[in-house]
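Participant: Chains H and A, in that order, are what the protein sequence lines are. So for the first sequence, the numbering used here puts the first residue at 11; every next one is plus one. So for the second sequence, the numbering used here puts the first residue at 38; every next one is plus one.
Quick caveat, the hints were computed from the structure, so don't treat them as lab data. Do not rely on the hints blindly, as some may be mistaken.
Stated by the list, open to error - Just the calculated beta-carbon pair ranges, DEER-fashion:
#1 A:ARG247 x H:SER90: 22 to 28 Å
#2 H:LYS130 x A:SER174: 39 to 45 Å
#3 A:ILE175 x H:LYS130: 54 to 60 Å
#4 H:ALA367 x A:ILE175: 36 to 42 Å
#5 H:PRO463 x A:LEU145: 22 to 28 Å
#6 A:ARG247 x H:GLU492: 30 to 36 Å
#7 H:GLN32 x A:ILE71: 44 to 50 Å
#8 H:GLY73 x A:ARG247: 56 to 62 Å
#9 H:LYS360 x A:LEU145: 48 to 54 Å
Just so we're clear, the structure is a prediction, and the values are computed from it rather than from any experiment. Each residue gets a CB set at the ideal place from its N, CA and C atoms; glycine is no exception.
Below, each chain spelled out in residue letters.
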Amino acid sequence: MKTNIQEIKDLSIGFKSQKGKQISILRNITTNIRKGETVGIVGESGSGKSTLALAMMGYIKQGLFTTGGECLFKSQNLLSLNNKELEDIRGRKIAMIPQNAGQALTPNLKIGYQIEEALKLHTDYSKGEREQKISELLNQVRLPSPKIMALRYPHELSGGQQQRVAVAMALAGNPELLLLDEPTTGLDVTTQAHVLELLKDIAKDTGTSMVYVSHDLGAIAQVCDRVIVMYAGEIVLEGPVRKILKEPIHPYTYGLLKSIPKLSLIGLPDSMPGSQPQPGNIGNGCSFYNRCNFSNDECKVNVPKLEYLSEMDTSVRCFNHSELISKTSEQKMKNHSQKKITIDEILDLKDVSISYAKQGIIDQFLNKVTDTNPTVKDINININKGETISLVGESGSGKSTILKSIAGLLKTKDGHIKFDKEKLLSGDLKKRNSEDLRSIQLIFQNPDESLNPNHTVEQILSQPLKLYFGLTGSKLKESIVELLEKVRLGAFYMSRYPRQLSGGEKQRIAVARAFAARPDIILCDEVTSALDVSVQAAVLDLLHKLKEELGTTYIFVSHDLAVVKAISDRVAVLYQGRLCEIGPSKDVYQFPSHPYTEVLIGAVLEPDPDIKPKLVAEDIVEEKPPEIGCSFQGRCPRIIGDKCRNETPPWQFGDNGNAIRCHIDIEELKIQQS
Amino acid sequence: MENSKDIFNEKPKSSFAKAFDVISTMASKPSGFIGLAILVFHIILAITSPWFAPYDYKAINPSLMLNAPSSEFWFGTDSLGRDVFTRTILGGRTALTITFFGSIIALLWGGLLGIFCGLVGGRIDDIVMRIVDAFLSIPWILAMLLIVSLLGTTTEVLIPALGFFYGKGIVRVARAATHDVIAKDFIVSAKARGHSNLSIIWNEILPNVRDAILVEGAMRWSWMLLGFSSLSFLGFGVSPPTPDWGLMISNARGLMSFAWWAVIAPIVGLSSLIIGINLTADAFAKALGIDRSTKAPV
Ligand SMILES: Nc1ncnc2c1ncn2[C@@H]1O[C@H](COP(=O)(O)OP(=O)(O)OP(=O)(O)O)[C@@H](O)[C@H]1O
Ligand code: SF4
Ligand code: SF4
Ligand SMILES: [Mg+2]
């Protein structure tokens, strides 16, 4: 057995509420990190995973305090060390990469300089050795031409490259334990897959122990040897990654895994009812009791203990785990009835181009087009009544831009948007009439930003009702209650402020606000990206049910290919503001595909350690689309030479009904990709 | 951090109850309590002092010149034989009134212009801010002197003039706060729904910038008080014989070495009021959850 590098014994951390009550965030955590192993900590937001990771380096956030237990790093209790002693350990023996570490690099200092500072702080190398080491580190995180990289500023690197620099800095002190808090959240799918690959190799090469905190089981599956599942401040399940992800014997983990949409399945995933209890609000019995499908009376009154099952090398906190042992996590998705969409066009985007470039006054006057290379170009999509069409692509592919111009928030440069077959939608919001405005509603990614923090739910929902239907008094109240019911919330939510709602509830209010207008089309911009998976499944389910009920058309934007597959009828793939592929959802996900679609699908991380992502293309982010030729030429793994660089590729149609824009013959693509 | 249970049971409150909450939060910390106590004391004093002032503030009596504090004249008498205690308790009235209304004017124009600039952005915002800056880069005291010497030192001149000069900081804060909010999705959402600009300002923006502006206004109040007292000190504020701390300090400062009481009393009055307002404004900011170190760029 490997030696433990860190031992956490009965650790509890809490805070004092305004009323002086002690409220715990972490309760009786006991676990070990072994030498050279990578441990994943998963859990919903608020489950205490970051607090635990920080405690592992002896750091307790302000306002929090330890209420018991210890955190031993090589038999030294970190929580009893003074600052000086901790400084000697942090960076040298234990390093941390926080979320968005790449973006947190100092903007006005060169990369090399920043790494050198880290080296100065954490090592005793001489100047010459440091320079040597900088190159080594940059090489280790696989940044091309380290000498040149070292002279760049952070903004001259892509998001993935910045994250690599952050990894290099963390490795500067040769740490024995590396803590990573959501290291790839916020990165593009392809970038994420590459960074994870890198971390895995580093762990293998250097023998560093890693603790990997994430809410993303897909990422955990790729890098971790062992997984700790947290729920409401407790460890509920802990064991080898395969056991946890393939035979989850705790009801929470079981439900969590079922709520993740997967590429291999069709339809919507199961959602878990309810939400995680808030700290201080945990009842007497099992903390998962009110969401559990396997509970009995004992669960309500007694708290289950973390029990070690030696035959599975797994610890579990549940009275009824044996019931789950027999259940394989064989999954059947709810059959989302793939309704036949009747061809009844509701929205027509014709040759739409959108440019962010500011036109010069003289050019404006002469009506001359100056931007020959607009952000979004030549978009042709017809959308039928009642269908869900998704736009996918990496960050910067113009998904939100297209939505904004449909909503009238951005003017199109060329082309037109036609609504309901005959009405041309003006690019200027002020010129749209109230009826057109009502017909198209938007839901945003982050409900924290999209709901006015100073308004109650009642005020939020009454806005569209007053604006479009002039409702007042008891009529207004009735409609609000009705809307809340629609999104499965009780009438008592009316008097709440957004900060009194959980993430999922907030997003439900945002959904209700969009539906309040009784729109024909709802534009959804990454509506589930800010939510935990179990909540995501519930919101997707809600959107789907509302659509069945009301026949609304969705235009759905997401970077998550599995989510898109679960909810959409049709998918359009965008790269750098240009359409690459469009077709019925099940066909876009099958070969032959556009080489870019292939790259995207390959990078999807499944919550299964045995399904590895296929990394075919580099993850370099391009600043601007090329002026001529195929938009994907800069990263295409199948590029066939000058033709791709000089000629705009033609649309080709597959047997299945998907259209692909590529110079490679579709039959040939099929052969290459199979 | 709050107890989530408390949060979840919180009901929306009337504005009155909200104001009460803010004040009780302010008073729950020692500094806020002291600040509030001083401020309230000064306000009550300013309102009620005419009724219990022991002497006539303008009664000159050469035989009583520069008497030291005694049981008869608690704070002594000044160079004209007037009772310093009487003049001290009355001396804050004018300053407090003028600067209070001055602050309201500063709040109004500063807040409105700031919100406007934050809203329109771009070139108009640039130009307006340049003009505001240019105007206010003139040393304010010179400008004030010019104004009062042209238009007189009446209340009708002083209030708007002070209000104008102290509104600049508020313009900046209001503009920054507005800038922060208009990028938020809930504004985009309201725009996309087709609400009118006025409705967006009133419903979406104002509730979110109000706190920052009010806090800045409270802060500006204490600055303005100091400014106004300086004017009085220079002889351009309140005209004699009306009692005023600035004026009293100015008149008595030459006699400091042998009649310290005539200077100390108004100094204590003025500085305690300024400290009181400052502490209150700080506590106000904290109670509203506004971090002044980042929100006040001036
Ligand atoms: N206001 C703006 N001014 C100039 N360029 C912009 C602006 N907004 C977006 N862009 C650029 O337009 C391109 C498309 O942006 P868009 O926001 O539509 O991408 P997206 O696909 O929604 O990405 P994400 O997944 O990150 O939301 C990007 O290159 C972006 O940098
Ligand atoms: S102890 Fe009971 S309630 Fe808790 S997870 Fe197990 S079965 Fe569910
Ligand atoms: S046209 Fe060429 S560069 Fe573009 S996707 Fe096809 S093969 Fe790749
Ligand atoms: Mg976007």
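Participant: Next step is simple, just say for each hint if it's right about the structure.
Facilitator: Hints, verified against the model:
| no. | hint | in the structure |
| --- | --- | --- |
| 1 | A:ARG247 x H:SER90: 22 to 28 Å | violated, 47 Å |
| 2 | H:LYS130 x A:SER174: 39 to 45 Å | holds, 44 Å |
| 3 | A:ILE175 x H:LYS130: 54 to 60 Å | violated, 49 Å |
| 4 | H:ALA367 x A:ILE175: 36 to 42 Å | holds, 40 Å |
| 5 | H:PRO463 x A:LEU145: 22 to 28 Å | holds, 25 Å |
| 6 | A:ARG247 x H:GLU492: 30 to 36 Å | holds, 32 Å |
| 7 | H:GLN32 x A:ILE71: 44 to 50 Å | violated, 30 Å |
| 8 | H:GLY73 x A:ARG247: 56 to 62 Å | violated, 27 Å |
| 9 | H:LYS360 x A:LEU145: 48 to 54 Å | holds, 50 Å |
Figure legend: structure checked against the earlier numbered hints; hints not met, in rising order: 1, 3, 7 and 8.
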